[in-house]
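**Q** Order-wise, the sequence lines are chains A and B.
Going by numbering that gives the first Met the number 0, the first residue of the first sequence is number 0, and it counts up by one from there.
Going by numbering that gives the first Met the number 0, the first residue of the second sequence is number 0, and it counts up by one from there.
Simulated from the structure, these hints should not be mistaken for lab results.
This structure is a prediction, so every number in the text was calculated from the model and none was measured.
A few of these clues could be false.
Unchecked claim - Quick list of in silico lysine to aspartate or glutamate cross-link-like pairs, DMTMM-like style, CA-CA up to 25 Å:
{"#": "1", "chain 1": "B", "residue 1": "Lys583", "chain 2": "A", "residue 2": "Asp48"}
{"#": "2", "chain 1": "B", "residue 1": "Lys348", "chain 2": "B", "residue 2": "Glu407"}
{"#": "3", "chain 1": "A", "residue 1": "Lys55", "chain 2": "B", "residue 2": "Glu590"}
{"#": "4", "chain 1": "B", "residue 1": "Lys583", "chain 2": "B", "residue 2": "Asp607"}
Said to hold, decoys possible - Where chain A lies over chain B, by a calculated footprint (3+ residues, C-beta under 8 Å):
{"#": "5", "segment": "431-440"}
{"#": "6", "segment": "465-471"}
{"#": "7", "segment": "474-480"}
{"#": "8", "segment": "566-572"}
{"#": "9", "segment": "586-599"}
{"#": "10", "segment": "602-613"}
Glycine included, each C-beta is placed from N, C-alpha and C at the ideal position.
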Amino acid sequence: MGIGMTMAVAVATLVLAPIVAGVLNGIDRRFTARLQGRVGPPLAQPFYDVIKLLGKELIVVNRLQLIWAWGFFGFAAASLVLLILGGDLLVVVFSVGFAAVCLALGALSVKSPYSYLGGIRELWQMLSYEPILLASVVGIYLAKGSFLVDVILKDSWPLIAQLPLVFIALLLVLTIKMRKSPFDISTSHHAHQEIVKGVTTEYSGPYLALIELGHWYELMFMLTLIALFWANPIWIGILIALICFLLEMIVDVTWARMTWRWMLRVSLAVGLALVGVNLAILTFFNG
Amino acid sequence: MTGSFLLGFLILFPFVAAFIAWAIPSHGLRGAWVWITAAAMAIASIVFLLVTKGAYAPDLPNSESAGILIGILDLLLLLFFLYVGIRAKSWVITILTLVQLFPFVWLEWMSGRHPAVSPTFIADPLAIIMVLVISIVGSVICIYATRYMVEHEEHLHLGKSRQRRFMFYMILFLGAMNGLVLSNNLLWIYFFWEVTTFVCYQLILHDLTPIAVTNAQRALWMNLIGGVAFVAALIIADVSFETLSLRTIATEHPRELAILFPVFLLALAGFAKAAQVPFHGWLLGAMVAPTPVSALLHSSTMVKAGAYLVLRLAPAFHATPFSIVVAVFGGFVLLMTAVMALGQSNAKKVLAYSTIGNLGLIILCAGINTPLAISAGIILVIFHAISKAILFMTVGAIENRIGSRDIEDMEGLCNVAPMLTGVLVIGVLSMIAPPFGVLIGKWAALEAGTGVMSRWSFVVILLLALGSSVTVVFWLKWLARVLCAVPETETCKPTPLPAAYNVSLWGMVFLLCILSAVAAPLVTGLVVPAVDSWYNAKTSIGMTTNWGLTLDNGFVPILYFVVIGLVFLVAPALTIRVQRERVKPVYMCGENIEYKTSWHGLADGTFDLAVGGSYFSRDIGEEKLNMWAIYLGLGALVFALAMTLMMFQI
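Build the full structure now, drawing on both the sequences and the hints.
**A** Structure representation (structure tokens):
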């Protein structure tokens, strides 16, 4: 890809991804509402919310939390662009991992009880999904012989056929990243009385909008990663990703929020075990 | 000619400089002498690199007489250890010393065996990397120590200063380490190895408190276990293979069953020196020593010697079942120490556990045993030394400032000591975040894990993924306490740090950033040749293509991280200014009292907010996990030995 093409794709991703994510979030809220017997907000509500937040007055606790918010936004957006441009999956995972670090540090950089609790729980969430994500990416290498997304896209044999258990484990990661019950532990779309708004408690106005946009980029990142599991033709992968998104909404509505200890146990004992078994099968039959 | 002069300088000058430092009575003059020594060592090591270009393997002309001298000094050392053991009525120390003493005396003087070792010294790229780390990072820590010890003795209200003795051992140690990494003769390596044990013992008990003396003795006997293994390896190597050359043992008998015995024993000595589980107890106990000791010996250099030895030996067990066992062992240490660090609130102990874990990671790389993995290990050696040095020095300075090394007492440090907090944040992030070297090393290790020629590689991958995720949690948990700041109603004016701290801390940070940014040329220039010379093959370490430093599609990951980091973290840090009227207190679900973290509560009483860290001592506290760690570690070592004995195909 020439430099011009690369720039064009990057800019297109940066502009289109939030739009798609916003629409998906709108569908999410509407659909969830209908499942719960409510009418729900208009489909464009997430956009209205972000625009409203951007126009609000800036209220801050300290400088540090703002810096981390920028870090979260920047790395989340950059990770998505890198993934779309066909980058190295391991680099991308480290990048998105650092985005999560910035979010956690932003919450932990203020002496606020709810923010601090949310931040610490964010750390447990990271501990729950990071090993799975890292091991899954290595599994992709073992299946395809490369970390590069380009190579995966060209292969006619879908990833999901070689890594079915990894795929299931990644759905766990998706649930955690989307902050859906039962894993909406550090913050969620709905306010929780227990920790108010968790990691984003001390953010308001424009910076809350910035974090929301960062979350949107993260959502698109996860859905793209899932779509990669059927990369040829890619429309099947996209369809799978959308179906998983639908599944997430249903799971969210039917499950209650659990404790972080439960999340840790399930992720590591079940999720990581699934990935481990899949990797073992790959290495035992190849090595 | 210059090469041999520099080599001799790097090994012998510190011994001379140490005596001079000890002889100087005045603090100021001694401090100046330390600065001079530090500069001389650093410059000498860099010139050594430029002059020899990593291909220098001289034979010392009168190595026979040098060997005799070393033998005598070694004997004196062992006799000193015996004296320590008897004086302290410690049968462990006494027995372990005797078990070393008699075989050593037999080997050195009674066996009549004197295999010629050629070349005497090997200054290949790996040795030069170690020399650079020792001479530059070590020297900077000595500079730091000049200021730290002044504050330390003030706090202890010490009547008669003991800094002469301290600086003597610190500087002497640099020479011993250089000798260790540059020697090819295993007897000489053994001598320098025992010198480091001796210096470690003397420095841990420096403060002469009862706990310091106890922990120094524990460090001594655990390291003596390594010494026993070392002597046993020497004898087996000499008797079975007629050689005492490290290069011969490591590279010229690959995969032979018989060579695996001395290799296993040497690796065991390396594990003991590197405080791997089950030997981790001594390093934890060594944290009672003054912080420069922890920075120099117990993170950057001495413990690295253990990992360095395992890296050196890697070609010998390449593609054997023993190799994957070493990798799994390293991964187990990484995970175990990471979990134990989660339960620690003592900052120096957290750093100690992290050090042991990273050494386990380097050993994991040695176990994976591909060129990419060995490169990853070497990268980790370099960058972990720098990052840990920064972290220990900062914690030492913080401890002198606030009087405590407990993480809970560091709450809101960014309001009290913003400069130190800044360095601490950089130090912690350099351990877990891109583009800093430690993460690059972990990335390389993860990629290397895919290339293992074993069906059990998935275990290594899982341990690595899980271990590195747990490390992120305990580092961020620490930062959470440090950054837990009350709203800024007044700007905090940073107090200037003393010159020694500024030079050492910011100098190391600068070095870290430069090296992380130029990691690509560093790898191609130093690390790849290091791997090449020991694997006897021209390797192109494929990581995606060219170690990922420049990918196939022209992408440069480090550049990516640096740019994004600069734009979205450094730029906001430098430009965001918050106007005072925009600052509001935090939400506490109550009626805030002005900008304090207090609120009006029940019966109009005032309630203060208290935030605390979580350490889960009941579940993962040191007391709970230590026994498990020791049993599992011992089990792993026994299993490794069984692997060696049976060449069991798994």
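**Q** Decide, hint by hint, whether the structure agrees.
**A** A quick look at each hint next to the structure:
no.: 1; hint: B:Lys583 x A:Asp48; in the structure: 23 Å, holds
no.: 2; hint: B:Lys348 x B:Glu407; in the structure: 14 Å, holds
no.: 3; hint: A:Lys55 x B:Glu590; in the structure: 23 Å, holds
no.: 4; hint: B:Lys583 x B:Asp607; in the structure: 17 Å, holds
no.: 5; hint: 431-440; in the structure: holds (count 4)
no.: 6; hint: 465-471; in the structure: holds (count 5)
no.: 7; hint: 474-480; in the structure: holds (count 4)
no.: 8; hint: 566-572; in the structure: holds (count 5)
no.: 9; hint: 586-599; in the structure: holds (count 4)
no.: 10; hint: 602-613; in the structure: holds (count 3)
When each numbered hint is compared with the structure, no violation occurs for any of them.
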